[in-house]
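S.K.: Could you build the full structure based on these sequences and the hints that come with them?
Counting in this note's numbering, the sequence shown tops out at residue 297, every number present.
I should point out that these hints are in silico values taken from the structure, not numbers from a laboratory.
Treat the numbers as computed from the prediction; the structure is a model and nothing was measured.
Don't take every hint at face value.
[Stated by the list, open to error] In silico BS3-like cross-links for lysine-lysine, where the CA-CA straight-line distance does not exceed 30 Å: (1) Lys201 - Lys242; (2) Lys253 - Lys192; (3) Lys133 - Lys242; (4) Lys35 - Lys48; (5) Lys110 - Lys133; (6) Lys35 - Lys2; (7) Lys26 - Lys129; (8) Lys76 - Lys2.
[Stated by the list, open to error] Cβ pair distances, simulated, as ranges: (9) Lys129 - Lys249: 21 to 29 Å; (10) Val17 - Thr67: 18 to 26 Å; (11) Val212 - Gly11: 47 to 55 Å; (12) Val20 - Cys92: 21 to 29 Å; (13) His206 - Leu44: 25 to 33 Å.
Idealized CB from N, CA, C, for every residue including glycine.
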Amino acid sequence: MKAIVFDEPGGPENLSVRIVDDPVCKENQVIIDIKFAALNHLDLWVRKSPTYAASTPHVGGSDGSGTISEIGTKVKNLNLGDRVLINPGFSCGNCRYCYMGEQSSCDSFKIMGAGPWGTEAEKIAVDAKNVLKIPDNITFEVAAAAPLTFITVYRMLATKGNVQPGETVLVTGGGGGIGTVAIQMAKAMKAKVIVLTSTDKIEAVHQLGADVVINYLETPDWENEVINEGGADVIIESVGEKTWGKSIKVLNKRGRLVTIGATTDSYSKITVNREYQLLISINCKFLINRNNLLFYI
1 MKAIVFDEPG
11 GPENLSVRIV
21 DDPVCKENQV
31 IIDIKFAALN
41 HLDLWVRKSP
51 TYAASTPHVG
61 GSDGSGTISE
71 IGTKVKNLNL
81 GDRVLINPGF
91 SCGNCRYCYM
101 GEQSSCDSFK
111 IMGAGPWGTE
121 AEKIAVDAKN
131 VLKIPDNITF
141 EVAAAAPLTF
151 ITVYRMLATK
161 GNVQPGETVL
171 VTGGGGGIGT
181 VAIQMAKAMK
191 AKVIVLTSTD
201 KIEAVHQLGA
211 DVVINYLETP
221 DWENEVINEG
231 GADVIIESVG
241 EKTWGKSIKV
251 LNKRGRLVTI
261 GATTDSYSKI
271 TVNREYQLLI
281 SINCKFLINR
291 NNLLFYI
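M.R.: As structure tokens, this is what we get:
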């Protein structure tokens, strides 16, 4: 089969389309013929950093959709030709975290495309427990774009952030995948949404429903504007060093800051005393959960 492969970390010039061996279907797996594969910022990290790819050559891609072309002997409730998407979070299924529904805390947790080969290929073998049927009203294209980003944002806002109607949500990276989904989902939860973004993405962010849009390039002291808006009850923090300190500063009492990664530099030190005074809650982790994906789909 054809796949997009890289042999060593680096830029896009390291990617090439080549022929690799077809996947072998184990008894508890299915083979999916990929129709669409979606890109995430995670794909950049995997390609650039040797710590992500378990081995090379490597095939990336954490999100994908397609049809089942082969079924393992022990697989039930799935059929040849089923339209499916893939839950990209792999866990043991037997530890206390998996039983709690906190699969991303499992010691053996991995994300497809970041370690195991991913969806940037014509076919992929996936454990049946990580495969979900796509409803008839959802296209392959939409289904492929949903899992990693939508599950993550739902967990950040609903589970970890516990967003309530009337609260204010600050989205620090409004132009990326996490940010665009967070804006729409927070509005659906009846929250006020403040977004930090760059000049070229302002119009798009407004169209997604943001209540307040701040151009951080033109407003380097953006934290003052957020404070003037009443501060933030929940912060979706995905930028890192450039916004971390100011995010803590604008967080209201009993505020919740939820972070999933740093698209700039790693996170800086924070003042524990402020956390103590304001009873701030900070959550940091990959936030993939099978039940949330089932609910969303």
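S.K.: Does each hint hold? Answer for all of them.
M.R.: Results for each hint:
Proposed proximity of lysine 201 and lysine 242 is supported: the alpha carbons are some 18 Å apart, at most 30 Å. A C-alpha spacing of about 17 Å is found between lysine 253 and lysine 192, which places the hinted pair at or below 30 Å, so the restraint holds. Between lysine 133 and lysine 242 the CA atoms are separated by roughly 40 Å; this puts the pair beyond 30 Å, and the hint is violated. In summary, the hint linking lysine 35 to lysine 48 is supported, as the alpha carbons are separated by about 26 Å, within the 30 Å threshold.
A distance of roughly 22 Å separates the Cα atoms of lysine 110 and lysine 133; the hinted pair therefore holds under the 30 Å criterion. For a cut-off of 30 Å, the pair hint linking lysine 35 to lysine 2 stands: about 13 Å separates their Cα positions. Distance check on the hinted pair: lysine 26 and lysine 129 sit about 13 Å apart at the alpha-carbon level, within 30 Å; holds. With a C-alpha separation of about 29 Å, the suggested pair lysine 76 and lysine 2 falls inside the 30 Å cut-off, and the hint holds.
Lysine 129 and lysine 249 have their C-beta atoms about 43 Å apart, which leaves the hinted 21 to 29 Å range violated. Roughly 22 Å separates the CB atoms of valine 17 and threonine 67, a value that falls within the hinted 18 to 26 Å. Taken as a hint, the range 47 to 55 Å is violated for the pair valine 212 and glycine 11, whose Cβ atoms sit roughly 36 Å apart. Remark: the range hint 21 to 29 Å for valine 20 to cysteine 92 is upheld by a beta-carbon distance near 27 Å.
At about 26 Å, the CB distance of histidine 206 to leucine 44 agrees with the hint of 25 to 33 Å.
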